[in-house]
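Starting from the structure of chain E, add chain C where the hints point.
There are 2 protein chains.
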Amino acid sequence: MSETILSLNLATTRGSWGFAEAVDGCLRHGITAISPWRDQVHAIGVAEAARMVQTNGLRVTGLCRGGMFPAETAAERQAKIDDNLRAIDEAAALNADCLVLVVGGLAGSSKDITGARGMVADGVAAMLPHAQACGVKLAIEPLHPMYVADRACINTIDQALDLCEMFGPSVGVAIDVYHVWWDPRLAAAIDRAGQMQRIFAHHICDWLVPTRDLLLDRGMMGDGVIDLKAIRAMIEAAGYHGPQEVEIFSAENWWKRPGDEVVQACLERFRTVC
Amino acid sequence: MSETILSLNLATTRGSWGFAEAVDGCLRHGITAISPWRDQVHAIGVAEAARMVQTNGLRVTGLCRGGMFPAETAAERQAKIDDNLRAIDEAAALNADCLVLVVGGLAGSSKDITGARGMVADGVAAMLPHAQACGVKLAIEPLHPMYVADRACINTIDQALDLCEMFGPSVGVAIDVYHVWWDPRLAAAIDRAGQMQRIFAHHICDWLVPTRDLLLDRGMMGDGVIDLKAIRAMIEAAGYHGPQEVEIFSAENWWKRPGDEVVQACLERFRTVC
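For the protein sequence lines, the chains are E and C, in the order given.
Throughout, the working numbering is defined as the position within the first sequence, counted from one, plus 8.
Throughout, the working numbering is defined as the position within the second sequence, counted from one, plus 8.
Read the hints as simulated data drawn from the structure, not as lab findings.
Since no wrong hints were added, every one of them can be taken at face value.
It does not matter which identical chain is used: a pair holds within one copy or between any two.
With a straight-line cut-off of 30 Å between C-alpha atoms, the simulated BS3-like cross-links for lysine-lysine are:
| # | residue 1 | residue 2 |
| --- | --- | --- |
| 1 | K119 | K264 |
| 2 | K237 | K264 |
| 3 | K119 | K237 |
| 4 | K237 | K145 |
| 5 | K145 | K88 |
| 6 | K119 | K88 |
The shape of chain E in the complex, shown without the other chains (with noise of 0.2 Å):
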């Protein structure tokens, strides 16, 4: 049997930790793999934090996150660029098994919903070339249908795949289960992702009944109705084995809570529910 390890991704002790206190925390509660965001990283500078990571020996199992791509203007597209090719050269400094990309909604005030989806993958080409040069993986997240607007235009693994389809074998995607359990589709494309061998990342949490905040509102798991160890046996079965990365949003609960109990509940739930 395989021996699946967490990961913590540091957005779910954003609320009591930073970049440091989330090794140290790790640390001592044995979790070997961690994803911070990029804000985080920059507070304690990059170079400080690859570091830290390659001191304690620590798996970086994504960079979060680059994307954004839609904007209504060139100028603002290739601003974004620009950023997403620093977030590149950071991913790597971090040696992250990929770099996580969030890609937008729609571009300004514009509609045109097909328009958006034209400047992500236009977007995902031009960083392309230095994430090869690099070793940098892509990892698009399809995100749930009511991010569409405002956070990304890709909205199931499917349409992530005819993306990365278009590209070679370094852009996959990452598989987040708060955004694509409700997917009458899931077995079928989380088994053509397994394929083609573009499974990067899996993401877990829990949908809350009710949902309060469209955001910052997911739960740990166990606490919701998603069926983790269902679609943690697809994952494996497409073939993928890689770290579980605990991935929560939650304002008005954990956030609130000292990282250490965060930690430990994350660690409880992963042992007993996922």
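For chain C alone, kept in the frame of chain E given last:
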């Protein structure tokens, strides 16, 4: 050019009008089609509601709503089917174009989404003979994926059409732009629905950015980011030229305004942005 008319879904004026006030309000503003909710019909009585519809020559574009099939026990599921049979009778009494089905989410505390979807198919099958005997069409409404847990586990037009294919021509889809506008397969799915001649209703409103509540923060047409004209063009190209039904759940905005103001806004936006 086709003269598409507006139908008022009476959820839109729920904040200030019951059934009778809404009928009076519609007549005052020249609106000749409505779509009431069952609780609104029950409050005045089915016979009286039907009399008002007939006397005033109103078209009822749909009765909201049947469905809600999944449940943990066979007895509960049968009780839901029994209620759906009563809904069919009410739709027949009102001479409604269709009974709209919001199919229901997960069964109780179950996480079995596939099982819930099976219960939906079973539920539609169980009510179909009575619907056919009464001449009532059933319109499955795919709901936005953010409602999969608690309101509807049918979340795309394609998925609804797969269900329609199991049944005869009296089972079709209600296409609500709010629920489907994000779908990367939207154009193809609408085309498929047209080929099957199963488009039974076209609901409109808008997606606000930000959306502050998952259920009760829908926007007036033109106040959000949905390209309503583009979706209307797809639906008309697929052969549907029936009424566009305005359905807006808006606890903090439109439900707090007088019905006449709401209806005037609907008519003005219908002329300009739909």
